[in-house]
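Position chains X and Y against the provided structure of chain H, taking the given hints into account.
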Amino acid sequence: MPESRGLRKSGGRFVVYAMLVAFAAFYLTPLAVVFLNSFRSLEEITQTSVLGVPQTFHWENWAQAWGSYCIGGICSGISPYIWNSVAIAVPATILSTLVGALNGYLLSLWRFKGAQIAFGVITFGVFLPAQMKLVPWAITLRALDLSDTVTGLTLIHIVQGMSFTTLFCRNYYVNVPADLIKSAKIDGAGFLQIFRRIVLPLSPPILIVTVIWQFTNIWNEYLYGITFSEGSHRPVTAALMAFSANIAQAREYGIESAAVLLAALPTILVYLFGGRYFLRGLTAGAVK
Amino acid sequence: MVASRVGAIVAMAGLAATPAYAEPRVSVMSQWTAGAEGAALNAFGELVIKGGAKWENNSVSGFTTDMMNKLRADIIAGHPPAMSQLKGPEIKAWSAIAPTINLNDLVAEAGYEKMISPDLAKIHKVNGDWVALPLQVYRVNTLYASKKAMDKIGATALPKTWDEFNAMAKKFADEGITPVAHGGLAWTDTVYFEIVLAGMSPSAYKKALMDLDDATLRGPEVLAALTELRQLTKWMSPSNAGQHWSIFVPNLMKGEYGFLMMGGWASGVLKRGHFEEGKDFLCGPAPSNSSKPVFDMNADGLIFWDTKNPDYAAGQKIAAKVAMGQEFNRVFTQINGSIPVRSDIELSDSAYQPCQRDAKANLAGAVDAGQVVMSLGNNMALPNSATAALRDVLTEFVHNSTITPEEAQQRLADAADSVR
Amino acid sequence: MSALNTLTIIPRRKAPASARWLEIFSKAGAYFLLGTGLLYVVGFTLWTTGISLTSSTLLPNYSFVGFQNYSRLLQSRVWRVAYFNLFVYGVAFICAACGIGMLLAVLIDQKIRAENLFRTIFLYPMALSFVVTGTVWGWILNPSIGVQHLVQNLGWTGFRFDWIVDRNMAIYTISIAAVWQASGFAMALFLAGLRSLDADLYKAAQIDGAKPLRMYIRILIPAIWPIVVSVLVILLQLALKTYDLVQAMTAGGPGIATTLPTTVVYDYMFQRGQMGAGSAAAVMLLMSLLIIIAPYVVLQQTRRRGQATNA
Chain H
1 MPESRGLRKS GGRFVVYAML VAFAAFYLTP LAVVFLNSFR SLEEITQTSV
51 LGVPQTFHWE NWAQAWGSYC IGGICSGISP YIWNSVAIAV PATILSTLVG
101 ALNGYLLSLW RFKGAQIAFG VITFGVFLPA QMKLVPWAIT LRALDLSDTV
151 TGLTLIHIVQ GMSFTTLFCR NYYVNVPADL IKSAKIDGAG FLQIFRRIVL
201 PLSPPILIVT VIWQFTNIWN EYLYGITFSE GSHRPVTAAL MAFSANIAQA
251 REYGIESAAV LLAALPTILV YLFGGRYFLR GLTAGAVK
Chain X
1 MVASRVGAIV AMAGLAATPA YAEPRVSVMS QWTAGAEGAA LNAFGELVIK
51 GGAKWENNSV SGFTTDMMNK LRADIIAGHP PAMSQLKGPE IKAWSAIAPT
101 INLNDLVAEA GYEKMISPDL AKIHKVNGDW VALPLQVYRV NTLYASKKAM
151 DKIGATALPK TWDEFNAMAK KFADEGITPV AHGGLAWTDT VYFEIVLAGM
201 SPSAYKKALM DLDDATLRGP EVLAALTELR QLTKWMSPSN AGQHWSIFVP
251 NLMKGEYGFL MMGGWASGVL KRGHFEEGKD FLCGPAPSNS SKPVFDMNAD
301 GLIFWDTKNP DYAAGQKIAA KVAMGQEFNR VFTQINGSIP VRSDIELSDS
351 AYQPCQRDAK ANLAGAVDAG QVVMSLGNNM ALPNSATAAL RDVLTEFVHN
401 STITPEEAQQ RLADAADSVR
Chain Y
1 MSALNTLTII PRRKAPASAR WLEIFSKAGA YFLLGTGLLY VVGFTLWTTG
51 ISLTSSTLLP NYSFVGFQNY SRLLQSRVWR VAYFNLFVYG VAFICAACGI
101 GMLLAVLIDQ KIRAENLFRT IFLYPMALSF VVTGTVWGWI LNPSIGVQHL
151 VQNLGWTGFR FDWIVDRNMA IYTISIAAVW QASGFAMALF LAGLRSLDAD
201 LYKAAQIDGA KPLRMYIRIL IPAIWPIVVS VLVILLQLAL KTYDLVQAMT
251 AGGPGIATTL PTTVVYDYMF QRGQMGAGSA AAVMLLMSLL IIIAPYVVLQ
301 QTRRRGQATN A
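Sequence lines, in order, name chains H, X and Y. FYI, this note's numbering numbers position 70 of the first sequence as 70, with every residue one higher than the one before it. FYI, this note's numbering numbers position 54 of the second sequence as 54, with every residue one higher than the one before it. FYI, this note's numbering numbers position 214 of the third sequence as 214, with every residue one higher than the one before it.
Everything labelled a hint here was simulated from the structure, so no lab data went into it. As the structure is a computational prediction, the values presented were derived from the model and not from experiment. Be careful, since some hints might not be right.
List of simulated lysine-lysine pairs, PhoX-like, C-alpha gap at most 20 Å [claimed, not checked]:
id, chain 1, residue 1, chain 2, residue 2
1, X, K254, X, K148
2, Y, K211, H, K182
3, X, K206, X, K92
4, X, K147, X, K254
5, H, K113, Y, K27
6, H, K185, Y, K211
7, X, K114, X, K125
8, X, K147, X, K160
9, H, K185, H, K113
Excised from the complex, chain H in its bound form (with noise of 0.2 Å):
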């Protein structure tokens, strides 16, 4: 391990140390700002202003956030829509990790003609904008069937988050060294031989990062997952617009923010105990 590198004198420490609480209070204000509202009751919040310091604590708002709320007729809060999005986002994730890892197997290991323009063009997807894809997609899952299913919606993910999965995933395995393939393929060892013994045990960090990247990216999607959902399958992004998004109603400030943290919840928690598996995966060449 590298000694402290560079700022050995106590006065450059402080410095240092310093530098990182202001930047540290910078990167929490917004959350706390939402998580005091979220035991702020909306009386509180209309008769003074959105950013304040709760008065009296309301917990109640967590209850009715997580098990009450109605949205759409159903008084049930968002907790059924959180399984949902697990339901939607889980499979994707593995899913298009999966998928990615073998693409960017295929492209960086089995250099074909044209390998390099595919993966120019698959990582083009990574620009598109979601807009544009909308009614591509409606017109897709219909002569595929798969409208309003969750199914459908999966696939969606699946197949959008391909282009940074791969991204990642062969630019990590290009830094495998050929010789090793090469030795593997004259001991006649196969595609899916060379993929399971050698290439999959050494992928780990990568496929952490990807796995962290896209159930970011899939929890939080929001478009898609309104557009392409049906009542109570939808996923909690689409509920969480029920607490705000309307001109002619007081907005519910005080549950939407308890709301608001629950689901973020599990992407924080992945991003807590995953951050330093993330960095891991990094170093080990993920982004070169």
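Relative to chain H, chains X and Y alone:
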């Protein structure tokens, strides 16, 4: 057009031949997932269930556009909902891309048409055939005033004309109170303009903002409205941009702001905040230079799609009857704070607020005087693309004080040219 | 060679027929998956381009109108303002996110205590959705209820921070919120890069007696240049696709001061019901993107070729 006509004829045949064994049910797509609107929709559902049909609530949380995207996806998928929330000229536009059913028989049976305002009826008919039904009406040109602010300047009644308004606003400004409360979103910028124009000349409003008549758009009434709007923006706080209008309600009630011009739905918001009419705020019609009432209308409606499904067809009949009925009109509007569509509903019930009664009387008077106009900012006057073009001009005008009213008029007329 | 001997995995005999079929099937499957991805990217892009040449309104129709949508868009003020806004916002966002990310990475690299805690604090914003970020920052930066209000209440009555309602400065507030969200990710990438550097590089730099700041600027940062480029690419695609953040924070206002090409695409496609115009806007956005990344791709190609010839 042709498709919907053919579709209507086919659907009518289908409706007429509804098999006896159909199980009536309806699916409804709307934005009304929660809060008062959600509760009102649920009440509608209960009445439909009582009428004998199953009720499927497909509400889509989010902005209107999100709901329309879902509708679009469902239409592409080939199974639209039985009914979906739609209003204004968009009813005509959307009925052209997917078949609707014809409600003429049901409407005639209920004697509905004579009970509602003719301007309202017009919007829900395409080529003379009823394809949609209105659910509730809101008065957009409503004036709210902070009681605390009024007390400070010693005023007791709301201003009736624009001159009175300007005088009172000036008094507010002299006392250090910001005269006009505003959130700053583009549609509310538009609403302020239309309220001013409606108050100055409803006939100019109709020609300019509903017919897009070029001469009127370049005429003196529009210029006067823009000039007054420029004055209003000078009375707004410079920090008003990009926020929902309800964010500044606390400050309005505390007396830091004087006036708010917003649709009648604001009464519901104020009620939820435990503010009382008469004690914390005053409510009434927005200033108008006309001696007769002017009503700037925003109305939600439900369009009936042809689902090619006998169960839904039977359910639609039931739902339509409920929607045209008295009980629905009462219950829906009590929960939402809106005005019933039917003119024969009395609002003497204590569940109604004084401002709702005032708005209803307004509506009746305005219908008699022929001074009902459709709200531009709430997408009632023009199709969305035209509204958006005008809205771009108006929102820039409100937030950029270097644009003169003359310039804004020029841009407005040019924008109308580009979408006519 | 020694590494290979530890990987005694492949039996030195011909695989049975079933295994060979499995190999062929899995390879074909992989090609199929790759093909699906390619079909999706190419297909959707071509379809959108096709629609952009039609007069589609609420639903796609296939009546060809040539480049009418494009010319109308190019003549519209909103489109030109949107591109200008994107440029200002994009440059500010990318530079600040990179700069702050690098700064934070360097700070954390100083072998500090509670590294995990700090790293999590800087990284968690990326876990939130843009809608939440935009809404909360919209409140915080609003002069009458947020920072300006707070500071003025504390006594500095002359304090002004009303960028978000200022036509000329509002676009920078979008950058602030976006930087808050994404700089942690940039930091993570830079940190990974710094950590993957050879310890000898550091020792050599220290022996040379370079002051810590100079050491970072002249030696270490250039050494992780490939990662810097990757960060730039990721930030670039975030900037170009920004939509939810702007909608939640300023709704494109005041006026059209924070309108971006993506909001124009959405507005035309869905709010105005003009799919043809919306598709044209999307295609133009993609084309301008290609213009930006084409140099990077060419650079990568020449570098690879350079490495190949040098190897």
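**Item:** Structure versus earlier hints, numbers of those that do not hold, lowest first
**Value:** 2 and 6
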